[in-house]
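Chemist: Sequence:
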Amino acid sequence: MALFLIALGLGISSVPIELTVTPAVVELTGPRDVRQILVSERSADGRVSDRTHAASATADPPGVVAIDDGLFLRAVRNGVTTVTISDGGRSARVKVTVTNASAATAPSFRHDVVAAMNVGGCNAGACHGTPSGKNGFKLSLRGFDPAADFLQLTRDQFGRRTDALNPAESLILLKALGRITHEGGSRFTPTSVPSRMISAWLAAGMPDDPPKLPPITKVTVLGARVQLSPATRQQLAVVASFSNGTTRDVTRLTCFSSSDPGVADVTATGRVDFKRPGEVAILCRYLQEMVSVRMTYLDPRPGFVWPDVKPNNFVDTHVFAKLKTMTIAPSALCTDAEFVRRAYLDATGRLPTSAEAKSFEADTAATKRARLVDHLLTLPEFADFWALKWEDVLRSSRKTVQLKGSVGLQSWLRDRFDRNVPFDRTVRDILTASGNTSANPPANYYRIAKDPQSLGETTAQLFLGVRMQCAKCHNHPFERWTQDDYYGLAAWFARVNRKPLGTRATEVVYVARTGDVSQPRSGRVMMPHFPGAGDADVPPGEDRRATLAAWLTSPGNPFFAKSVANRVWFHLMGRGIVDPVDDFRDSNPASNDDLLAALATDFESSGFDLKHLVATIMKSRTYQLSAVPNESNADDAKYFSHAVTKLLTAEQLLDAVCDVTGVPEKFAGLPAGTRAVQLPDGEVNNPFLKTFGQPAREIPCECERESDGNLGQALQLINGPTVNEKVRAPNNRLGPLLKAKTSDADILADLYFAALSRPPLPEESKAALAHIAKNKDRRKAWEDVLWAVINTREFLFRH
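Sequential numbering of the sequence shown, starting at 1, is according to this note's numbering.
In case anyone wonders, no lab produced these hints; they're calculated from the structure. Please read all numbers here as calculations on a predicted model, not as lab measurements. Yeah, the Cβ is synthetic: ideal placement off N, Cα and C, and Gly gets one too. Don't take every hint at face value.
[Unchecked claim] List of simulated lysine-lysine pairs, DSBU-like, C-alpha gap at most 35 Å: (1) 766 to 368; (2) 389 to 399; (3) 739 to 666; (4) 389 to 358; (5) 741 to 780; (6) 638 to 310; (7) 389 to 499.
[Stated by the list, open to error] Pairwise CB distance ranges, derived in the manner of DEER restraints: (8) 191 to 86: 23 to 31 Å; (9) 480 to 366: 43 to 51 Å; (10) 276 to 165: 51 to 59 Å.
Throw the hints in and build the complete structure from the sequences for me.
Modeler: As structure tokens, this is what we get:
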């Protein structure tokens with residue numbers, strides 16, 4: 001992956017001293033050969049700036065090449081010419097030789113016409129590339145099946161979309177140019193390279209390619225250099241290499257996209273324009289070949305001074321190194337009250353009690369935060385909470401495995417987290433589980449996803465951090481995964497079967513002796529395939545899953561440790577280093593590669609110790625930063641310069657309301673005292689939980705849990721029965737305090753420590769106590785205060 005670094009320097013002369021042109025010599029062969037010229041300037045301080053779109057160019061003698069906007073050269077006639085490129089009083093020359101300009105050669109349908117339709121978006125999923133096509137015209141998605149596309153264009157509907165006698169009147173051209181009504185509108189201009197390719201192919205009689213068309217061997221993106229300059233713009237050039245040794249500039253036949261348009265956009269011609277400092281990945285896709293290039297634009301702030309912050313561990317070392325490069329200062333440390341509340345919520349899913357919060361506040365030891373983290377990992381609530389997280393994405397629900405199966409899987413996971421069984425062993429036990437699902441709960445994995453394809457997709461998403469679904473019907477449009485990868489992964493599960501045992505509550509999972517998966521496009525029976533690593537050799541008679549599980553959890557696997565470390569980081573920090581957490585791909589880069597690699601290595605070295613991973617993150621200074629931004633990091637939502645403020649999850653919030661009011665929730669069919677985080681699934685149909693985003697557990701994705709606020713949530717808090725009934729309950733937290741004639745100041749302090757892990761501020765005390773004093777009904781007045789505390793942003797959010 002190429003790295004571009006565009007940065008500003010300070011205090012050093014930036015006078016341009018040199019103009020560089022790439023390539024310095026151009027040879028164009030054939031009537032449609034083209035070349036993107038890249039121009040850059042180097043300053044005395046070594047900074048480099050792209051000048052491609054600022055420079056002017058002339059050819060002498062003229063007429064040999066055409067020079068389009070952005071210094072894009074096109075062959076016109078045979079000859080040799082010199083193109084002089086000028087910028088700011090400096091100039092550079094490029095010798096250009098054109099041969100075979102008048103050759104009667106047609107464009108390649110597969111290399112040129114299909115690529116042109118890619119650029120126009122004609123074969124995109126929202127257009128004619130959809131499985132059913134649009135208005136009777138169907139193309140393969142992004143040109144995946146060019147042979148079928150050729151037949152569609154030249155034979156379907158008696159070839160009505162292409163006109164051999166009058167090529168310029170072909171519907172495919174007229175609609176793409178917007179000259180006749182087209183639901184998709186104009187797709188490209190008449191003078192663009194895609195338009196020229198399609199027009200030339202039509203004029204040549206719409207020939208198919210020869211059987212031995214040289215395949216593409218690689219695609220190279222030019223312009224990959226370190227740049228130290230104030231420029232916010234960079235032109236890219238894309239060159240395709242073929243098996244016969246030839247190369248072609250395919251910049252204008254390449255599809256470009258930015259991973260973060262809020263940071264930088266990329267034009268259809270490959271020019272990247274940064275809007276603000278930050279990092280992006282630019283995906284360059286020519287036909288089925290994809291290259292992702294990383295680009296960073298830095299804008300150092302005048303007078304920026306890195307604060308004197310000491311890292312607690314390697315997490316901080318990597319986070320602070322990135323922040324320093326981006327000239328972003330981390331926020332100050334959070335307060336003790338913020339930390340104790342944050343740590344309890346993130347590690348155990350519950351609020352600290354008043355006594356726990358007060359004890360932490362009173363502790364003056366410098367090591368108290370680290371000691372609290374160690375303590376939290378020993379609590380039974382840690383196992384409850386982390387079992388809930390994995391039950392969600394494993395989709396454990398009575399809708400799929402019955403209540404008995406859901407309870408069994410929950411109990412099994414909870415025991416694993418409680419005993420801190422190495423996580424690689426837990427995953428191996430899930431993937432290789434067989435037998436009675438009541439006696440061996442992880443076997444329920446094979447009742448939730450039942451067919452080989454679904455099992456392959458789920459396994460990749462949960463344990464590799466890869467979304468393979470797009471490769472089911474065609475090669476992945478934004479990643480290297482192919483249909484062979486998809487069905488090769490499914491082949492691992494082709495021999496897994498189930499049979500009922502008595503009632504529907506229990507099944508037996510077993511491995512049959514036969515069973516295969518075929519790739520639907522080629523019809524080929526697929527061998528079990530390691531994603532990105534080729535076919536596996538599984539001895540006859542052995543359980544294929546054991547081989548997959550051993551590879552997946554082996555130290556050094558490029559996916560597993562990073563995927564798990566990233567998922568844990570997400571749960572503790574509010575955002576993944578790769579985000580979404582299950583979408584690892586070159587075009588969705590990590591915000592901090594070194595940090596993710598270090599976490600994965602440490603996780604492996606610890607023996608895949610999940611509690612060690614959690615503790616390492618929570619003990620870092622990064623985890624303990626305040627959510628209050630400073631001047632330099634107010635816009636940062638990517639590099640962990642300050643804590644993420646996030647709404648408590650549905651289960652956390654309901655349990656918190658119960659804890660603060662002192663009134664537990666009653667769940668039908670479950671023992672008294674059951675907490676929301678201990679529910680085996682979401683089928684208890686609690687309106688409060690559903691309103692606040694409790695997932696239905698229908699997809700193996702963290703995204704199913706809703707985290708955005710909405711009107712329904714506001715209504716639940718303001719006048720919903722859950723909050724109001726608990727606030728008014730006669731034996732709630734207020735009851736014993738009022739009965740014991742506790743002072744108003746002490747009652748208020750108890751409420752604040754229970755809800756916010758801190759004493760009330762002077763202004764809060766003044767307002768609350770004034771409200772109590774002016775109301776004749778003391779109980780009713782305290783109910784108002786309790787309701788108000790529950791409805792504060794500080795209570796509802798983890799800060």
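Chemist: Do the alpha carbons of residue 741 and residue 780 lie within 35 Å of each other, as the hint requires?
Modeler: 15 Å, holds
Chemist: Range first: 51 to 59 Å. Now tell me if the beta carbons of residue 276 and residue 165 are that far apart.
Modeler: 53 Å, holds
Chemist: When you take the CB atoms of residue 191 and residue 86, is the distance between them in 23 to 31 Å?
Modeler: With a Cβ separation near 24 Å, residue 191 and residue 86 satisfy 23 to 31 Å, so the hint holds.
Chemist: Just to be careful, I want the Cα atoms of residue 389 and residue 399 compared with a cutoff of 35 Å; is the pair within it?
Modeler: Holds, at roughly 18 Å.
Chemist: Within a Cα-Cα threshold of 35 Å, do residue 739 and residue 666 meet the stated pairing?
Modeler: Measuring from Cα to Cα gives roughly 25 Å; hence the hint holds.
Chemist: Do residue 480 and residue 366 keep their Cβ atoms within the hinted range of 43 to 51 Å?
Modeler: 49 Å, holds
Chemist: Assess, step by step, whether the Cα of residue 638 is no farther than 35 Å from the Cα of residue 310, and give holds or violated.
Modeler: 21 Å, holds
Chemist: Given the hinted pair residue 766 and residue 368, is their Cα-Cα distance within 35 Å?
Modeler: Distance of about 32 Å is within 35 Å: holds.
Chemist: Between residue 389 and residue 499, does the CA-CA distance stay at or below 35 Å?
Modeler: 29 Å, holds
Chemist: Can you confirm whether the C-alpha distance between residue 389 and residue 358 stays at or below 35 Å?
Modeler: 29 Å, holds
Checked against the numbered hints above, the structure breaks none of them.
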